[in-house]
Amino acid sequence: MDAPIAQALNLAWVLVAAFLVMFMQAGFALVETGFTRAKNAVNTMAMNVVIYPLGVLGFWLVGYGLMFGGLRGWPSLGAALADHHELGFTLAGHRFGVLGWAKFALVEATHDPTSLAMFLFGVVFMDTAATIPTGAMAERWKFASFLLYGAFMSTLLYPLYGNWVWGGGWLATLGVEFGIGHGVVDFAGSSVVHMTGGITALAGAIALGPRTGKFRRDGTIGVMPGHNLPMALLGTLILAFGWFGFNAGSTLAATDARVAEIAVNTLLSSASAAITSLFFVWRRHRRPDVAMASNGLLGGLVSITAGCAFVTPAAAVLIGVIAGAIVVLTVHQLDTRLRIDDPVGAIAVHAACGTWGMLAVGIFADGSYGEGWNGVQGPVSGLLGGDPSQLLAQVIAVVVNAVVVFGIATLFFRATDRIIGNRVPLEVESVGLDTLEMGSDAYPNV
Amino acid sequence: MDAPIAQALNLAWVLVAAFLVMFMQAGFALVETGFTRAKNAVNTMAMNVVIYPLGVLGFWLVGYGLMFGGLRGWPSLGAALADHHELGFTLAGHRFGVLGWAKFALVEATHDPTSLAMFLFGVVFMDTAATIPTGAMAERWKFASFLLYGAFMSTLLYPLYGNWVWGGGWLATLGVEFGIGHGVVDFAGSSVVHMTGGITALAGAIALGPRTGKFRRDGTIGVMPGHNLPMALLGTLILAFGWFGFNAGSTLAATDARVAEIAVNTLLSSASAAITSLFFVWRRHRRPDVAMASNGLLGGLVSITAGCAFVTPAAAVLIGVIAGAIVVLTVHQLDTRLRIDDPVGAIAVHAACGTWGMLAVGIFADGSYGEGWNGVQGPVSGLLGGDPSQLLAQVIAVVVNAVVVFGIATLFFRATDRIIGNRVPLEVESVGLDTLEMGSDAYPNV
Amino acid sequence: MDAPIAQALNLAWVLVAAFLVMFMQAGFALVETGFTRAKNAVNTMAMNVVIYPLGVLGFWLVGYGLMFGGLRGWPSLGAALADHHELGFTLAGHRFGVLGWAKFALVEATHDPTSLAMFLFGVVFMDTAATIPTGAMAERWKFASFLLYGAFMSTLLYPLYGNWVWGGGWLATLGVEFGIGHGVVDFAGSSVVHMTGGITALAGAIALGPRTGKFRRDGTIGVMPGHNLPMALLGTLILAFGWFGFNAGSTLAATDARVAEIAVNTLLSSASAAITSLFFVWRRHRRPDVAMASNGLLGGLVSITAGCAFVTPAAAVLIGVIAGAIVVLTVHQLDTRLRIDDPVGAIAVHAACGTWGMLAVGIFADGSYGEGWNGVQGPVSGLLGGDPSQLLAQVIAVVVNAVVVFGIATLFFRATDRIIGNRVPLEVESVGLDTLEMGSDAYPNV
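Protein chains in written order, with the numbering used here: chain A, 168 to 613; chain P, 168 to 613; chain S, 168 to 613.
Excised from the complex, chain A in its bound form:
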């Protein structure tokens, strides 16, 4: 059962990358738990440990079929043996793909390496998106409501926008159908994964409201430091490690020599963002805030995710610098202006930097890469490379993501609030979710 050697190499590449992305779940668990309080540590950790198997089952049953059911295969991995079908409609002579409709529960895809490898790679990306809101909504979310969310995210919300960009849907074909750039270009998921997760986190944080004591009546902001900063920092390093799989794996091919530049760009953007956040806050507060540097590092990773294959290393550094500033400013704005309580900074890192990452492709793509990627014809250039229409495509993507994801997520949270309630009672919140909601404490006998 030997595959041709190039395909075998690419399959191995995608699998190893998927393993690394899966390991990011540990990074998220540590970042979110470290940045929240000890009395909710089991709950926060549990949401991270449970979203993974829960989302896997949802994506297996439904999500994968909706997101990727329309694709016949991936050139570097071979044609899928299973059926493929994309739902959509035609308007004024233009085809709009909306949702895939095949391979549910992998039934037709059994024993098909191409479909199965893409399921594995797809499901860990879904998991990344799905775990983002558990940070922003931590310390006050009812566990049963979280479970409903996990099922919804993995089966419907994530696959929807995902299909539009990566599954052959209408945002991917904006270039072919309307001549808008090369369609929406999101190499590894600044919008598909991080905006979707981050915008859902925003909707969820608004739906839940702030933690009791965060925004006081006298206008001051309650300081609620996380309980274990080293834990959060370890999580950041794990995320940075796994992110190499996230971005470099997204070539779906080790035979694509661009993998080296993708990895380097990923590294450089994270580095410049971390250092920017560090010095930005240092100038303001005269302290080296390593928690903010850590979120800056993550923001740099999110921001280069869409463009890592399309920009130069120098541009990656610049994208990171801006990301580092965005993280600090967004955290500040959420706290002081918008009064939205995000205990871990997930909205700043994933929604804001995801948006920036998408726009950055439209600005910095230098026309040296893209032929054949996601059905793209010819290399991708952004504004500075002479193609302003690519920036338009990217703007469309972020507007669509923000509106659609925010809208659907808000409707969903309203519905669950009616049915079972989203927020734990005040008593549970003040005693801690671990004792009253989870039934076990994180550190019972230290």
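Where hints are given, some of them may not hold.
[Unchecked claim] Interface residues of chain P toward chain A, partial, derived using beta-carbon atoms under 10 Å: (1) Leu176; (2) Leu187; (3) Asn395; (4) Leu396; (5) Leu401; (6) Ala421; (7) Thr422; (8) Asp423; (9) Ala440; (10) Gly463; (11) Leu464; (12) Ser535; (13) Val566; (14) Ala569; (15) Asp584.
No lab work stands behind these hints, which were simulated from the structure alone. We treat Cβ as the ideally placed atom computed from N, Cα and C, and that holds for glycine.
Use these hints to put chains P and S onto chain A, whose structure you have.
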């Protein structure tokens, strides 16, 4: 010194997989330490850190030669240049291989990539088996006795059954010699690694007896919660990460396109098992017990390990569902009926689910894979695939493993108890092994 | 944009190895933070988290160009498309390469996979060297001074000696120019990475002086146990995991079948060193000191790093045994004789064992490998293989590294001490750097 490209790819695959399996040692360390008490954290962690180098030396000197010394090579990695020899006997015209006898201390295998790659892959699997009992026997095991155990496990006990199934021994050739299925089929070690570790853990937990205060005279059970649940959950995620290397690496070939399905089945079984355990306990105790969900996840991994290459994704989900129930029920039975004290649930996860995983191959193998694997001729089918004799082979394997490993381990623990004693004095147990046995506390100045 | 298949495989190998090496940063962070006190946990962790992005930027801007700018390419990865230039001089007819001078900020190397892959692999090695002193200098180092150090190390100090050995500089060509062995042979960096880091750590620890209370006026030594031993042990396992990438990745080729032996030697040396340290201390203090075993394990890794490709597995075991003793004795000497305060044992592990590792190549290299590596002609033999001149080359390397790195580092620390001061005020040290220097505590609400 360039290898042909396919062989080079397979070598790289096996090495990367071995690295991932080695990293599981960190997962075990965290799970076991998190689920035990702070006063024994250094001791529990130390057993995990020390079993690794200790076992490596034992397997290098003796174990590898006994387990794999009888094999000439592995097709995907090439023929071994070193000598090979399998001890055995012939009875009524049937050949019974019992132990390898070559490559001790790798002397003849120096500079032979095939033998060395298999040593690396073999030694980390041994390490996984050897570290399992340190969980079940934690909080009361004398460190010197543990060291003797480590030497024994890596040199003799693990290689013995291992040779029978993977080293060309008599269980592997049950098919060829007696027409019982395709011989014992254990793709990545539900029995070779997990039952061997789990059954030894059972023998050891019985030999040591329960922790003082666990089973009270009035029949009630003392609650002894672990000291750091987030630590244990992090360990679970690390194990799930490394397990991809464990199972998908066991093709010994990236050129075997089955790797994708193996990885997917591994994921699906762990997911359905985790969710099953979660809801099972939730229904019973009306709390989402994330520690049990985490053990369920591990049980799902153990259960799919034997069959991951031979069953469909849908069967993997079903295998996981049953594994999730087995974990919960076994933990319950050990506590309430058998009154065997296993602080971390290692017996339920590894012995019980390892048994189930072996049987599951005999039930669900669908006849689509197997030709050439471990000397097998033709694809492997189980009961549902029309070959009931395969289930018989699997039953033989679990009975042999249970009887032989339990018997030898029990004899060994009796012997060490006479020589140096297995259990720490009561005073050490109540003060904590860290202070009195290890000479340093885990958290001295927090 | 498909690379020929062998080159694609090698590129993937180097990238995956680089990812693993990057993950070692998490290991260092945990080892150093676990072995230091809770009041300085944020500071210690922060130095580890910040050295990474800081060093990346420094190496990108300057360091990579100085270290590798003189090389045209790497055979297994292809020729670099970018310019190359090595600064140097000719003395008495012999060419002395001193520093590379090309590819600064990767400008000329944009879109060149070979240069970019080597940048990635190079930068994570630099990061390893740069993070070593943060352990030895922990608990008393001013954060601003640390930042200056990070910039200096990544741009100048590390690349200098690095160029001499790996960049085509004069130590690499000692064989060709003077017939001294095959030039300095340091396969994966016992000297380039570990001695450079360890010797800088020594200079830094001397420059800072001991922590207050460590060496008392009455001659006794203050015991200052770290705050979280399990954290440190987890870090050790992560380092052991990443080290496989460090050593096996240094072939720069998966097509080099030596990768298997390299990984096995790495494992064996770490194992024998850990067990040696464990029993050595046990005999002395009658306690199994797992912290020392853990440092022994790391010392074994450092010691085999130079020679992993050149020695037999049996020699690797022996190298590890000696490394295990060296770690214990060096820690003891630093404490009792030299009265140099190294909170985590970094000098013993990296400087002392790095030295031993370099010498070990000159003793144990068995003439079975080396042709083509780093421009070497013919296989490398050491003293026991019949070439005493190789040992001379190795002696030259360790003397040069010790003198040059110690000298430059000392001058640097003197300069920074004048400009901004290296050491925090006594009050900051006694309250803890977290509260007063970093502005946040590690565990604020447990």
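For each hint, the structure was consulted:
no.	hint	verdict
1	Leu176	holds, 6 Å
2	Leu187	holds, 7 Å
3	Asn395	holds, 6 Å
4	Leu396	holds, 5 Å
5	Leu401	holds, 6 Å
6	Ala421	holds, 4 Å
7	Thr422	holds, 5 Å
8	Asp423	holds, 6 Å
9	Ala440	holds, 8 Å
10	Gly463	holds, 9 Å
11	Leu464	holds, 6 Å
12	Ser535	holds, 6 Å
13	Val566	violated, 31 Å
14	Ala569	violated, 29 Å
15	Asp584	violated, 29 Å
The structure fails to meet hints 13, 14 and 15 from the earlier list, while all remaining hints are met.
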